[in-house]
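S.K.: Sequence:
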Amino acid sequence: YSSAASDVYKRQTQNRLTDSQFAQIDKHLEQGKSIFALHQGLVQRGSHLQWAERIGFAFNWEEGEARSKWGEFDNHQITLDTSAEIFSDFPSSITFSDELYWNLKKGSRGEITILGETIAPGVDETQTNQKWPIIWTVQHPSTGNADGGRAFGAVLGHYNEMRDSPTYQAILLLSLIHI
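The sequence shown maps to residues 85 to 263 in the numbering used here.
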């Protein structure tokens with residue numbers, strides 16, 4: 085972490101991140117550097133609460149209604165925040181086919197800005213379809229003379245077809261520029 089300007093997490097970590105690894109990530113963010121968490125990079129078994137604090141949202145492994153859900157969605161719509169600089173040249177919504185996570189655990193560190201959201205099923209039968217975050221950023225607080233670190237999170241990116249999409253590639257490229 086000492087020399088990287090940003091770190092990208094695409095695959096879930098099978099083993100829980102250690103306190104030492106979280107300390108390295110915290111130092112990385114304190115130096116004003118960035119983290120990108122894409123799809124399975126949101127999944128951190130055994131330490132999802134700590135992971136959500138760093139990346140904004142994480143797959144929640146708690147049992148019962150709090151547990152995150154997932155499923156395949158075809159031709160599904162994401163509403164984008166076109167007032168955000170990253171999406172200023174995008175349409176107000178895009179359509180995708182990919183695996184989706186919802187009911188994610190929300191972290192409390194930093195300022196989370198939802199850039200894209202979609203409708204997914206409720207967590208239980210009493211809920212109707214509701215909006216869930218799909219794309220977001222986190223601005224962590226400044227420390228000392230350094231600007232706070234940033235995180236970019238996206239649920240998208242499970243299937244090759246999604247990763248091959250020019251729209252998805254544009255989202256990732258613009259996120260690298262703006263984060």
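No lab work stands behind these hints, which were simulated from the structure alone. Given the structure is predicted, the values throughout are model-derived calculations rather than measurements. Treat each hint with caution, since some may be false.
[Stated by the list, open to error] Think about it this way: if two alpha-carbon atoms lie no more than 27 angstroms apart in a straight line, the pair counts; the simulated DSSO-like pairs of lysine-lysine are:
{"hint": "1", "residue 1": "K215", "residue 2": "K153"}
{"hint": "2", "residue 1": "K190", "residue 2": "K215"}
{"hint": "3", "residue 1": "K190", "residue 2": "K153"}
S.K.: Any hints this thing doesn't respect? Which numbers, in order?
M.R.: none
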